[in-house]
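Just so you know, the sequences run in chain order A and B. Just so we're aligned: the first sequence equals residues 1 to 243 in the UniProt record's numbering. Just so we're aligned: the second sequence equals residues 1 to 509 in the UniProt record's numbering.
Any given hint might turn out to be false.
Think about it this way: if two alpha-carbon atoms lie no more than 30 Å apart in a straight line, the pair counts; the simulated DSBU-like pairs of lysine-lysine are [said to hold, decoys possible]: (1) Lys107(B) / Lys101(A); (2) Lys198(B) / Lys166(A); (3) Lys94(A) / Lys21(A); (4) Lys236(B) / Lys101(A); (5) Lys166(A) / Lys179(B).
Hint data in this document are derived by calculation from the structure and do not stem from the laboratory.
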Amino acid sequence: MDTAKTHQQWLIEMEAESRSKQTRFINGISTKLRRPMVTEPPRHPYRGAPDFWNAYEWNEQERIERFTSNFRIVGGHVERFTTMDDVTRFIAEKAKELSVKYVIRQNQPELDALNLEGELPEAQVSVWNSDPGQYWKARSAEADFGVVMADYAAAYTGSITVLSSKDKGRSVSLLPTVLMAIIPVERLKTRLGEIMVHFDEGGRESLPAGIHFISGPSRSADIENDLTIGVHGPGVVYALIVG
Amino acid sequence: MSGGHGHSDGATVKERADLAMNNEFLRKAVKFTTERLKGGKLKATDEHGNWEEWRERGRQIRLHTIAHLDYYLNRFVDNARANGVHVHFADTAEEAVHISLSIAERKQAKTVVKSKSMVTEELHLNHALESIGVDPIETDLGEYIIQLAGETPSHIIIPAIHKNRYQIADLLSEDAGEKLEPDTQVLAGYVRRKLRTKFLEADIGMTGCNFAIAETGSMVLFENEGNARMVTTVPKTQITLMGMERIIPSWADLEVMATLLPRSATGQKLTVYMSGITGPRRAEDADGPDEMHIIIVDNGRSLQLGDPEFQELLNCIRCGACLNACPVYRHIGGHAYGGTYSGPIGAVLTPSLQKNVAEWDDIANASSLCGACYEACPVKIPLHDMLIYLRRRKVEQGHGDKIEAAGMKGFATVMSKSSRFKTVLKIGKLGQKLVARKGEIRIKVGPLKGWNSYRVTPTLPKKSFRDGWGTLEAEIRNGLQEMAPEMKNRMEQIVKDRAKGGGHGYGHG
């Protein structure tokens, strides 16, 4: 039986092999391109979307309307609230209506403030990664509701963006039956590019392991082109726009 | 993939197409699905507006990246390593398989959950995993069905396009050990439950890669079901197999690809999930893989680099729009192409990924050269030009017929005189006229029979083509009327045979 240490050694050997292979592999590409290897960043005059698109922007009302219609057309639900108290009330009502037993939520101050633990006495509310001894993927897999704060949203495609961290599990927006994503209205942009620019500007070191754009409930048309909802991910997705 | 048709019974495209053509359901299903996808694409691109500008931008980004592939690949690899990814390089399918199996062995893996990946199909990785006692589980609904049936995908986007719900219910009932109703919700619900436990138990998650972002070392996956997210979130080890040309420079460039790919593939504004994975889980994260490997695969791709006629093949973003647009694909279905990739892209890519001209097969003949594939392509790959180049090369290297060579030179002359990118469709039509009207080429050339059998025979049932194909169909029927009597008789005999349910032997010389 291999110990962790020998696995580590194996990985180091593989890396040495990979690095020597890299030189040959990339040199082969340069040779095929009939020039020496390019090591300086080449000028990229066509980077990103065309200029007319980068200037495209809707006002807040239009962003809300377009997001709503795009999200609904693919089978998602959208609700509009003025305050976070309204959000708490809505989630509590839905939980009661659907007899929810298990809820999992991200570990974020905005969600602490919802006080779901107090408002949903019938349900067991778990807070992602709040106890290192817990198997959090299983807690998410059994959850009826997953509650997350959206980091961004894009109206043009009807997409919610969530970024992973210690306090924000990728599983929470993926494994529960129902996903509740709260979108503070100032995070709702027009285009995907307004979100992606942060990843380019922040650079590699700023990025989390998982960045996910979610545009409605999980779906498949693999059986006779007949639309099926909730194949692997949540089959019911609520976008709750607040502010 | 060597040999090109390991999983199909027929030896040539023509023979395999005979099988497909005899399967009335396949033909209807393929047509129904592809027309729906095509309709969705047209609606989505229309709604979005400025489609030509987006296509041109997509093409420029791909051209730029491939022209500097050495730089961007190095940059991607450096960044991925800095993110904690173990990067490997594989020149061949065998090497990629060897690396994958070594990892599985080190991890003492029992099961591998896989999300849809054309590269792993290309490598026949499932068989290899089985050979060392590892159970590979396809988790995409369509792929799971195909795996149960012991088949290979027939469409890039909808792999089970050729199965109906009753056939699927039979397969899944056998898997479940109980009778499942042929109801889509019931069947999908069964697969969801069954695969949930598989995701949680699996030792390794295996994915393909739609795009790899050089500047941050991130890999990007587009999907609708959520299984690719499962595969990259739940198992402790992740292996990603990536074609070496999947690179784009930045997230800004991803916006363009995200605009082109889903609209072209399924007519969606964006797939339900688009995930950018940047390395394994961070030390303090409670999900995501502990260990992440990316295997960068050549397997014949570099053969297209530096080749002026075929380098643009590396621009392909695997959307499947050319399949949906292709009148030939819509008639014969994906399995007839015999390789991993079907349709117009498969007709060019399959032979191009192989070194040996003798293995080029007759696949390039399975095209009407009508230019619909180019028109549909979101990054403007001139596929129909490439089909001509491929046929010319085959002929030049002595695998064709001299008189066909004369015909191909005719094409080449027309092609070289015209400004290719603006008048492609016209050229395609001109090419047809050349063959249809210059009697000595059309009538006497033996090898063109094979070509004609695809262009002509399938169109005999008049309703085969949609309205948009009216002109093409008229041209082809004109061609038929001008055909030499003996050839016409043969064609008519074919139709009679097919009506009798025989259907074998048409077009065979």
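Please write out, lowest number first, the hints stated earlier that are contradicted by the structure.
-> Those not satisfied are hints 1, 3, 5.
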